[in-house]
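Novice: Sequence:
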Amino acid sequence: MTSMRFAASHLIIALFVLLPSITCGADGPTRQEAVDAMHRAVRFFRNKCSTSGGYVYRVSDDLTKR
Numbered sequence: 001m002t003s004m005r006f007a008a009s010h011l012i013i014a015l016f017v018l019l020p021s022i023t024c025g026a027d028g029p030t031r032q033e034a035v036d037a038m039h040r041a042v043r044f045f046r047n048k049c050s051t052s053g054g055y056v057y058r059v060s061d062d063l064t065k066r
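Counted from 1, the sequence shown has number 27 at position 27 by this note's numbering; the numbering is strictly sequential.
Bear in mind the hints are in silico, worked out from the structure with no lab data behind them.
Any given hint could be a false lead.
[What the hints assert, rightly or not] Derived lysine to any residue pairs resembling SDA-like cross-links, with alpha carbons at most 25 angstroms apart:
#1 K48 to D36
#2 K65 to E33
#3 K48 to M38
#4 K48 to D27
#5 K65 to V35
#6 K65 to F44
#7 K65 to F45
#8 K65 to Q32
#9 K65 to R46
#10 K48 to E33
#11 K48 to R58
#12 K48 to G28
#13 K48 to Q32
#14 K48 to V35
#15 K65 to R31
#16 K48 to T64
#17 K65 to A41
#18 K65 to V42
#19 K48 to S60
#20 K48 to R66
#21 K65 to G54
Could you build the full structure based on these sequences and the hints that come with them?
Specialist: Laid out in structure tokens, this is it:
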């Protein structure tokens, strides 16, 4: 029983040590990728969410209620 606890505690420690190094390796989006995403979002809002040339403050998830 003690060896199982010892192994489990080592596994938990290894996860806490290795997991941050795995997740920190990913780079965030570049400035240009963020700008492109904002342009796509604005284009979607203009084309799909606006009504009669105006904007609404509340839209349902499926865009049927505005």
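Novice: Looking back at the hints listed earlier, which ones does the structure fail to meet?
Specialist: Structure breaks hints 2, 4, 5, 8, 12, 15.
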